[in-house]
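J.: Here are the chains, one letter per residue:
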Amino acid sequence: MISIKEMAAKPVKLTEGHRLCAGCSEPIVAKQVLLGTDKPVVVSNATGCFEVSTSGYPYSSWNVPWIHSAFENTAATISGVEAAYRVLKRKGKVTDDMRFVCFAGDGATYDIGFQALSGAIERGHQFLFVCMNNEAYMNTGIQRSGATQKGASTTTCPSGTCIPGKREFPKDITKIIAAHELPYAAQASPHNWKDLIEKASKGFEAGGPAFLNVISPCPRGWRYESAQTIEIAKLAVETGIWPLYEYENGKWRFTAESKRMAEGKMERRPIIDWLKSQGRFKHLLDPKWSSTVVEIQANVDRKWDELVQLSKL
Amino acid sequence: MKRIAVNGDQAVALSWKQINPDVCASYPITPQTIIVEAFSDYVADGEVDTEYVCSESEHSSMSICVGAAAAGARSVTSTASAGLAFMWEMLYIAASMRLPIVMTVANRALSGPINIHCDHSDAMGARDSGWVQIFAENVQEAYDNSLMSFRIAEHPDVHLPVMNCLDGFIVTHAIESLSPVEDEAVKKFVGEYKPVKPLLDWRNPHSFGPFDMPDYYYEHKYQQAMAMKNVLPVFKEVASEFEKMTGRKYDVIEKYMVDDAEYVAVSMGSTAGTLKAVVDELRKDGHKVGCLKVRLFRPFPYAEIAKALEGKKAVAVLDRVISFGAVGPLFSDVRSAEFDNRIHPRTVNYVYGLGGRDVGVEDLKVVFREMEAGTAKTVNYLGVKQ
Chain R
1 MISIKEMAAK
11 PVKLTEGHRL
21 CAGCSEPIVA
31 KQVLLGTDKP
41 VVVSNATGCF
51 EVSTSGYPYS
61 SWNVPWIHSA
71 FENTAATISG
81 VEAAYRVLKR
91 KGKVTDDMRF
101 VCFAGDGATY
111 DIGFQALSGA
121 IERGHQFLFV
131 CMNNEAYMNT
141 GIQRSGATQK
151 GASTTTCPSG
161 TCIPGKREFP
171 KDITKIIAAH
181 ELPYAAQASP
191 HNWKDLIEKA
201 SKGFEAGGPA
211 FLNVISPCPR
221 GWRYESAQTI
231 EIAKLAVETG
241 IWPLYEYENG
251 KWRFTAESKR
261 MAEGKMERRP
271 IIDWLKSQGR
281 FKHLLDPKWS
291 STVVEIQANV
301 DRKWDELVQL
311 SKL
Chain B
1 MKRIAVNGDQ
11 AVALSWKQIN
21 PDVCASYPIT
31 PQTIIVEAFS
41 DYVADGEVDT
51 EYVCSESEHS
61 SMSICVGAAA
71 AGARSVTSTA
81 SAGLAFMWEM
91 LYIAASMRLP
101 IVMTVANRAL
111 SGPINIHCDH
121 SDAMGARDSG
131 WVQIFAENVQ
141 EAYDNSLMSF
151 RIAEHPDVHL
161 PVMNCLDGFI
171 VTHAIESLSP
181 VEDEAVKKFV
191 GEYKPVKPLL
201 DWRNPHSFGP
211 FDMPDYYYEH
221 KYQQAMAMKN
231 VLPVFKEVAS
241 EFEKMTGRKY
251 DVIEKYMVDD
261 AEYVAVSMGS
271 TAGTLKAVVD
281 ELRKDGHKVG
291 CLKVRLFRPF
301 PYAEIAKALE
311 GKKAVAVLDR
321 VISFGAVGPL
331 FSDVRSAEFD
341 NRIHPRTVNY
351 VYGLGGRDVG
361 VEDLKVVFRE
371 MEAGTAKTVN
381 YLGVKQ
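Chains R and B, in that order, are what the protein sequence lines are.
Under the numbering used here, the residue at position 59 of the first sequence is numbered 59, and the numbers go up by one with no gaps.
Under the numbering used here, the residue at position 225 of the second sequence is numbered 225, and the numbers go up by one with no gaps.
Because the hints were derived from the structure by calculation, they are not lab data.
There may be inaccurate statements among the hints.
If you want the footprint, here are the derived chain R segments under chain B, 3+ residues with CB under 8 Å [to be verified]:
1. 47-55
2. 84-92
Chain B regions said to be covered by chain R (calculated; three or more residues, Cβ under 8 Å) [claimed, not checked]:
3. 16-26
4. 46-58
5. 62-69
From the three backbone atoms N, C-alpha and C, an ideal C-beta is built for every residue, glycine too.
Model the full assembly from the supplied sequences, consistent with the hints where possible.
T.: Structure, rendered in structure tokens:
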């Protein structure tokens, strides 16, 4: 594992000057992911905050080849790039060993982009798909997605007098992706850069499709102070709502803090700490919705136990 | 090269084999499926070097072609009907990114009701997407258009995707005699692909598909419009080179007995062939009739059409599509072209052949009879059961 000093000396692939919000976790995640390889890399970006804010013509924040074509198809787009790479390498027109990465939000992963992602994984293209999961459609103004947590208030599942925010639990996309039996899938968090970069490196070198689901706190959508992004990401891991783990060649493994928790070396914090930290859950603190809090905790516990069982396989 | 008996889909697949594109991404849909099946055989037998990607949908097929073309690969696909409709979003993106993708469309009706047979509603839905659209009358033209389309798409003055249309079943599945070009001649004609600013040139990184605000979007659309305009001379240039190689002469339109005709029927695709037979029969009986085929639909050859139809007594435009609440798209364009002439002949519209309804010689004679008698309405529904 390289040091921060060594990393700081590496070429900058995503430059400053982009228009993402103060406190946005996406450029932090992207920079960490891109530190995961020293090989030439092509980026495919789904429509969303990250694409809009890094590519406003005639400027670009990208020092590496970058393509955006639409919202739902970033995995199909990179499939095309990678297919071109395979054939042109075979013909001797490209000689370098190259890597391919997709950056997509949770909408472009869990919802509208799911079909293209599933297809690209099944076909076995060599690419790393990174979901920057901020748990809602933030670019259009905080609407509910398949990744939105139960109880979270968004503009299309607002907390009201009758309904306490989103009624459903998010789908477990990392497990759905793992069910494709691809070489590598993992969950990561930007607060633990070491763990994230290591996972990105494994993804880049997986020799086939790889998936990285990264919790990506959004100060605007989650309603917390901009300076708290990394703290919030850390809290997601500490409360167990975002376990750090990897699925590598059929084996499940906890990593970093989650591993210490699973080994009993660290306490898992109660979910109420997570809910108290963000405005999107503030209505849940009303005793009226205490049963929802109980349900959320029960679900975290159940999912945790399931991962413990998987890690024993 | 020896003449062979093939259907339209096989002829297109043969043209692809000879061109040996870098990437082919496709999804099966009737009546284009034979193309991808035949091409898969070429891949399986090592007759091409193509990276063949079986996508999980047509939307992804076009997205894969966009990624591959941007990366620097000569890219092809084919589809029909609902498949083309599903690609709709990506058609505009492929064109606006100025990617010279070549796609064959086996023209088929759109649902609903679901129908697998020929009409032009799929291609007409894509007419404003920024793709060059060429229509083939028969198997030979489907093959020849396919060869020429790569040159047009990749021409430095154009750099736009090209859609090769052939009538579903009527051309895709009918076995005809084809005169193929020698493999070596095809290679020489199409040439080595030289991509512009490819993504895989990582030492010179480029950003493809950035976000445009109102200060640039309009200019980018204007550049696309100018590139489309350039297709007209480029088509003629490529066709003339093709003629030197094959002896087969093609232009943006094809006139059959038009010059001295008083009554002219205008059409696209396989119907143009039937119309020629109708014209032959009616001419024998002394009728001064002719027919005009529009080969290049986008960009639309307004000047050529206006000139061809100048001074006629009446013109009938046949649309194998219905534009609900409006006249047919071909009619609309032809009548607009005629408006630049000093005198305007009576011009009428015939909607026909929807969902594969057979249109034969006797049906088409009605068009000329009504033109001559002056009984045709502005919009007529040929052969519809009331």
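J.: Indicate, hint by hint, whether the structure satisfies it.
T.: Verification of the hints:
For a cut-off of 8 Å, the count of residues in the region 47-55 of chain R with a CB near a CB of chain B stands at 3, and the three-residue condition holds. Interface restraint, the region 84-92 of chain R with chain B: holds (7 residues with C-beta to C-beta distance below 8 Å; minimum three). For the region 16-26 of chain B, the assignment as covered by chain R holds, since 3 residues bring a beta-carbon within under 8 Å of that chain's beta-carbons and 3 suffice. Under the rule that three or more residues need a Cβ within less than 8 Å of chain R, the assignment of the region 46-58 of chain B holds, with 8 such residues.
A count of 7 residues in the region 62-69 of chain B with a Cβ less than 8 Å from any Cβ of chain R is obtained; the coverage claim is therefore met, three being the minimum.
Taken one by one, the earlier hints all hold for this structure without exception.
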